[in-house]
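Engineer: One-letter residues, chain by chain:
Number of protein chains: 2
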Amino acid sequence: MLTREVLADPVALTRALVDIESVSGNEAEIADRVEEALSATELKVERFGHTIVARTELDRPQRVVLAGHLDTVPLHDNFPSRTEDGLMWGCGTADMKAGTAIALHLAVTEPAPRHDVTYVFYDCEEVDSARNGLKILADRSPHLLTDASFAVLLEPTHGLIEGGCQGTQRVMVRTSGKRAHSARSWLGENAIHKAAPILERLQRYRERIVTIDGCEYHEGLNAVRITGGVAGNVIPDECVVEINFRFAPDRDEAAAEAHVREVFDGFDIEFVDSAPGALPGLDAPAAQELLAATGRPPRAKLGWTDVARFAVLGVPGLNFGPGDPNLAHKQDEHVELAKIVEGAEVMRRWLRGS
Amino acid sequence: MLTREVLADPVALTRALVDIESVSGNEAEIADRVEEALSATELKVERFGHTIVARTELDRPQRVVLAGHLDTVPLHDNFPSRTEDGLMWGCGTADMKAGTAIALHLAVTEPAPRHDVTYVFYDCEEVDSARNGLKILADRSPHLLTDASFAVLLEPTHGLIEGGCQGTQRVMVRTSGKRAHSARSWLGENAIHKAAPILERLQRYRERIVTIDGCEYHEGLNAVRITGGVAGNVIPDECVVEINFRFAPDRDEAAAEAHVREVFDGFDIEFVDSAPGALPGLDAPAAQELLAATGRPPRAKLGWTDVARFAVLGVPGLNFGPGDPNLAHKQDEHVELAKIVEGAEVMRRWLRGS
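Chains as they are written, first to last, in full-length UniProt numbering: chain V, 1 to 354; chain B, 1 to 354.
The set of hints was computed from the structure by calculation and includes no laboratory data.
Errors might be hidden in some of the hints.
[What the hints assert, rightly or not] Pairwise CB distance ranges, derived in the manner of DEER restraints:
1. I209(B) with P197(V): 55 to 61 Å
2. W186(B) with V341(V): 30 to 36 Å
3. P197(V) with E110(B): 38 to 44 Å
4. E84(B) with D128(V): 53 to 59 Å
5. D268(V) with D128(B): 48 to 54 Å
6. G214(B) with F271(V): 40 to 46 Å
7. P197(V) with D273(B): 46 to 52 Å
8. D265(B) with E200(V): 16 to 22 Å
9. D128(V) with R208(B): 37 to 43 Å
Values in this document were obtained by computation on a predicted structure and should not be read as measured data.
Every residue, glycine too, gets a C-beta built ideally from N, C-alpha and C.
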């Protein structure tokens with residue numbers, strides 16, 4: 001059980017959440033504890049699997065979402081937590097139980113925010129997107145999210161506002177040829193050799209850098225895998241280059257796809273995965289208020305986050321959390337206690353408007 | 001047991017040898033039968049593992065080698081043999097029991113050839129060269145081979161003289177880079193992109209065609225495999241292109257290596273395998289006699305064969321066998337009965353000198 005004292009202290013609450021093991025697929029216990037804590041408040045609580053939605057019903061003119069996932073990547077000799085010299089170490093400290101703890105702390109201790117708030121605690125963010133609790137909620141009960149005008153995802157940003165997110169596409173570019181014995185190679189057609197212009201175009205490619213709402217989005221078009229070959233004495237008849245395109249949110253998925261097709265014009269191209277980016281939405285009044293509360297300039301989120309799921313629903317959003325994003329999924333994952341305290345204060349100032 | 005009648009008929013002998021299963025590593029029975037047949041002759045027979053050497057001791061001014069391997073690639077629903085419409089089907093018919101049968105038939109039925117003859121029947125040609133019976137014999141008892149001035153390997157050539165063989169080298173050309181998250185690709189260095197010039201040089205490469213003793217050797221420099229990539233969201237830090245160089249026998253291994261190093265100048269290159277080619281040696285008097293016996297022009301052997309092992313010992317050699325080399329290792333492997341008869345007649349004419 002999460003006691004009143006623990007819920008009142010975002011650092012203690014972070015520690016308590018980290019010490020409930022919740023590797024993706026195993027969120028039952030942490031979800032029970034979170035539901036229990038929220039049920040003791042005035043919030044309207046609903047549970048869907050291991051995803052919990054808690055809403056203020058204060059008839060404010062505007063509603064905002066605060067969201068955090070409950071799961072972690074697999075443990076790696078980094079459980080339970082350990083605190084030393086102002087740092088808390090352990091699986092999920094940065095990604096993202098410190099952020100989730102801030103949201104839960106505010107849900108329990110801030111009964112009268114200036115905006116209505118929808119708190120969302122969800123499961124399975126670290127695995128297949130088909131299992132993602134926020135995705136499932138957005139698919140089945142979108143009305144619980146779409147009545148908000150703004151969302152904050154408490155993913156690690158090291159205490160800075162990170163606007164929107166990049167889109168990402170995975171693309172297979174293929175060449176084909178004709179097998180032959182390598183001792184009589186002129187009877188075949190070498191598919192690996194034919195991939196030369198694909199790599200050449202990637203090497204020559206100049207990435208676009210786009211500034212939106214003061215956030216600099218750096219794109220990237222990269223081969224992440226290449227495979228080809230049958231046997232040591234056979235001219236290969238196929239070569240596949242797997243490419244990852246990370247694109248700025250001023251392109252939608254169709255525009256991104258058209259761009260990739262243009263770059264690899266003349267080649268056999270298959271799009272195997274696509275997720276849209278999200279515009280930073282920093283011109284939203286609630287975003288401006290949160291920016292003012294941090295007192296620091298925003299930057300772009302370089303990576304894909306669930307902010308894009310809000311964008312698809314028409315809800316602009318940003319990322320703001322105490323952890324360092326570069327520590328996510330690492331064995332030496334940790335979070336600065338001071339960043340947790342500061343993050344909770346910023347969010348409270350914002351919700352109180354003072 | 002191989003009866004006298006079977007040994008006297010190269011077609012029946014081919015069938016008998018095909019019907020003794022002898023996938024590489026399982027040559028005990030076929031070697032026993034061959035040894036038994038040879039021991040009933042005047043030949044001097046020695047056995048080393050499943051390799052059998054049988055020599056005439058006629059004090060002729062010149063000695064020649066006739067060699068054939070006893071093993072086959074794995075069966076593939078093509079055992080035992082089946083004869084229909086002048087074709088014998090089955091594993092090992094073309095590669096190379098028809099050729100081996102011709103050598104064994106001559107060993108048993110030709111007591112007074114004009115040259116002394118060393119017959120070699122050996123195991124494990126279709127596997128790792130370390131297990132190759134001819135290689136082991138050449139390493140341990142080279143004197144049994146080096147007193148010959150000329151060798152005929154009865155590998156499938158479809159009844160033509162195929163001179164010498166190409167050399168072959170396997171080379172790894174590597175690029176390295178620096179890993180990074182693909183959402184922040186500019187922090188890394190993409191090793192796959194850096195492989196562009198390797199493929200480009202391969203694509204631009206113009207193969208040399210060299211004519212030696214009337215045989216046209218067509219070289220080939222080919223990527224046979226390419227690998228690179230860590231995960232779908234990671235900038236890859238290594239890419240490896242495996243290259244197979246098939247070179248004409250006017251280059252020795254050192255010259256071939258120097259050429260490959262020149263082509264890939266500036267790249268990290270590792271030679272993992274190298275086998276020399278063999279010059280056709282068609283100016284040897286015994287070769288001229290055999291050419292005359294076939295009455296057909298020679299061509300180059302495009303591929304690597306054990307002829308190169310004789311070349312290394314200073315014994316020029318050529319390939320001559322009834323099977324079609326393009327059927328080797330195929331499920332529908334077969335041999336024309338007429339080619340077996342014709343091959344045996346050519347070889348006999350040559351050995352008799354009439």
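Engineer: Please name the hints from earlier in the document that this structure breaks, with their numbers sorted from lowest to highest.
Structural biologist: As far as the earlier hints go, 1, 3, 5, 6, 7 and 9 are violated by this structure, in ascending order.
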